[in-house]
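J.: These are the residues of each chain, in order.
There are 4 protein chains.
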Amino acid sequence: MTGIHAPRSAAWESRVRDSFAAQAMMANMGASLGEVAPGRVIIEMPFAPGFTQQHGFLHGGAVASVLDSACGYAGFSLMDDESAVLTAEFKINFLAPAAGDLFRFEGQVIKPGRTLVPTEGRAFATKAGAETLIATMSCTLMAVRGRGLSG
Amino acid sequence: MTGIHAPRSAAWESRVRDSFAAQAMMANMGASLGEVAPGRVIIEMPFAPGFTQQHGFLHGGAVASVLDSACGYAGFSLMDDESAVLTAEFKINFLAPAAGDLFRFEGQVIKPGRTLVPTEGRAFATKAGAETLIATMSCTLMAVRGRGLSG
Amino acid sequence: MTGIHAPRSAAWESRVRDSFAAQAMMANMGASLGEVAPGRVIIEMPFAPGFTQQHGFLHGGAVASVLDSACGYAGFSLMDDESAVLTAEFKINFLAPAAGDLFRFEGQVIKPGRTLVPTEGRAFATKAGAETLIATMSCTLMAVRGRGLSG
Amino acid sequence: MTGIHAPRSAAWESRVRDSFAAQAMMANMGASLGEVAPGRVIIEMPFAPGFTQQHGFLHGGAVASVLDSACGYAGFSLMDDESAVLTAEFKINFLAPAAGDLFRFEGQVIKPGRTLVPTEGRAFATKAGAETLIATMSCTLMAVRGRGLSG
Numbered sequence: 001m002t003g004i005h006a007p008r009s010a011a012w013e014s015r016v017r018d019s020f021a022a023q024a025m026m027a028n029m030g031a032s033l034g035e036v037a038p039g040r041v042i043i044e045m046p047f048a049p050g051f052t053q054q055h056g057f058l059h060g061g062a063v064a065s066v067l068d069s070a071c072g073y074a075g076f077s078l079m080d081d082e083s084a085v086l087t088a089e090f091k092i093n094f095l096a097p098a099a100g101d102l103f104r105f106e107g108q109v110i111k112p113g114r115t116l117v118p119t120e121g122r123a124f125a126t127k128a129g130a131e132t133l134i135a136t137m138s139c140t141l142m143a144v145r146g147r148g149l150s151g
Numbered sequence: 001m002t003g004i005h006a007p008r009s010a011a012w013e014s015r016v017r018d019s020f021a022a023q024a025m026m027a028n029m030g031a032s033l034g035e036v037a038p039g040r041v042i043i044e045m046p047f048a049p050g051f052t053q054q055h056g057f058l059h060g061g062a063v064a065s066v067l068d069s070a071c072g073y074a075g076f077s078l079m080d081d082e083s084a085v086l087t088a089e090f091k092i093n094f095l096a097p098a099a100g101d102l103f104r105f106e107g108q109v110i111k112p113g114r115t116l117v118p119t120e121g122r123a124f125a126t127k128a129g130a131e132t133l134i135a136t137m138s139c140t141l142m143a144v145r146g147r148g149l150s151g
Numbered sequence: 001m002t003g004i005h006a007p008r009s010a011a012w013e014s015r016v017r018d019s020f021a022a023q024a025m026m027a028n029m030g031a032s033l034g035e036v037a038p039g040r041v042i043i044e045m046p047f048a049p050g051f052t053q054q055h056g057f058l059h060g061g062a063v064a065s066v067l068d069s070a071c072g073y074a075g076f077s078l079m080d081d082e083s084a085v086l087t088a089e090f091k092i093n094f095l096a097p098a099a100g101d102l103f104r105f106e107g108q109v110i111k112p113g114r115t116l117v118p119t120e121g122r123a124f125a126t127k128a129g130a131e132t133l134i135a136t137m138s139c140t141l142m143a144v145r146g147r148g149l150s151g
Numbered sequence: 001m002t003g004i005h006a007p008r009s010a011a012w013e014s015r016v017r018d019s020f021a022a023q024a025m026m027a028n029m030g031a032s033l034g035e036v037a038p039g040r041v042i043i044e045m046p047f048a049p050g051f052t053q054q055h056g057f058l059h060g061g062a063v064a065s066v067l068d069s070a071c072g073y074a075g076f077s078l079m080d081d082e083s084a085v086l087t088a089e090f091k092i093n094f095l096a097p098a099a100g101d102l103f104r105f106e107g108q109v110i111k112p113g114r115t116l117v118p119t120e121g122r123a124f125a126t127k128a129g130a131e132t133l134i135a136t137m138s139c140t141l142m143a144v145r146g147r148g149l150s151g
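Protein chains in written order, with my numbering: chain A, 1 to 151; chain B, 1 to 151; chain C, 1 to 151; chain D, 1 to 151.
Same shape as in the complex, but just chain A:
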């Protein structure tokens, strides 16, 4: 499963990059878009002390936030020009503490539905050069049309 699909908008990449740039929370976290393909998005982020929990690791909610954006933009990259993207729900499993210097978040579309778009995400932490899978996400997006929301 590659997560690569045919885009419905010729401007899919700029739509993704412009919308990501408008997410104040991602900028605040120091998260940046990496590789972007139709149906697949990577976000990277260095360790951020302002987003930690009580043991000094990244807060699970911080991991979930970036994975939600990765899944959301993976889905948004396949939506048409009239659609905004909303997250209907997601589930996240935490596999290991979010300890490391650098974090990578992958979102990919499982099925490019016209209204509902199921996606999956994986988060990895790099510490001393070794990468560990720290969380998996299952996320349902909804394409919303004609409500005046810019993507």
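Since no wrong hints were added, every one of them can be taken at face value.
Once the Cα atoms are required to be at most 25 Å apart in a straight line, the calculated PhoX-like pairs of lysine-lysine come out as:
id: 1; chain 1: C; residue 1: LYS111; chain 2: B; residue 2: LYS127
id: 2; chain 1: D; residue 1: LYS111; chain 2: A; residue 2: LYS127
id: 3; chain 1: D; residue 1: LYS127; chain 2: A; residue 2: LYS111
id: 4; chain 1: C; residue 1: LYS127; chain 2: B; residue 2: LYS111
Derived by calculation from the structure, the hints in this document are not laboratory data. Predicted, not measured: the structure shown is a model, and the values here were computed from it.
Since the structure of chain A is provided, determine the placement of chains B, C and D on it from the hints.
T.: Frame of chain A, contents of chains B, C and D only:
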């Protein structure tokens, strides 16, 4: 279902308040502990422009982060003095945009298991004096003993 | 939260009962509709030895199946005459073994959206006269229109 | 991610096959174990009219039941001789109607934890020779020791 149960630690409330105070992300978001009872925790937070998504609402991940803390501390309030709390997984459903001036997050324990503690969370937004349910969470916590983590 | 809402179809109750009667799996399990209200549905079922797991309790999937139907018909009771109901996703937490003589499954709508309908379910087991909460479900339904599916 | 890991029990395969054979519901559905490896289990099942929903497709709960067993035995295959397996929770996303002649269910371990074992499942339907992904599952298992449950 009240979410009120018998605590296993005499110091349950200070354990919850001290651990919450150590979550840098909650302070960064402007989130503060409200009412705390054994098995039930409330967190409040004003609108925070640094934690928004592309339409100017609170990011779904921000909502998830505070709900995760509300559920986590609801569970931690019932754990014994030897236990730290970890989130094994959570699922969140988004019901309405996180638009408003003030947000309230409730976490409560469904079953006070010794190792696994299932909890539920609800997030509400207040706008122009009216409160709306914006998200529901189902979360599984794990009590971790003897690993040298302070709660 | 009562789960009671205004129905969109005058025939909501017969639509629910007729569709439930068409679910071969529910009949096969011995499950029957109990109280039905707009946005809220109860299903009951005696212990069924043909639907057990390796320890002799009801299989978690059997519990999930009836909860899915309870949530599905709670949502379907609020849909218009043109809509069929599909389950987009659900999550279930298991709190106790499904041991007992009689089981009760409650489904209720959290928000009666026109396209997506988030619902919640609770499953209870009665053993020696005492009722125990054995599972909770969070379920997202989708109203599907004009595809020739009868509800 | 292959899902193949080192087993903790020399008898892992017979433990899996014996326990699966004790699940009355799987036999009732006509489900049978296919390929079994440490951390990865396949279950197959022909279409079963007694397990359908109102449109004549397999009930979502039936799909969930077999995926739960596939995930459960993938996890159980890595547990030690003292452990029984319980499902703590699962989430399932439905991608397409469960229409077809033959169904295949894959469960695989994501991380072989000693107490909690996160797993993932995929369900496929074969119709007229073509296979379609119809559902994905994210499931958390728990290894339970010393409670007198046989696996």
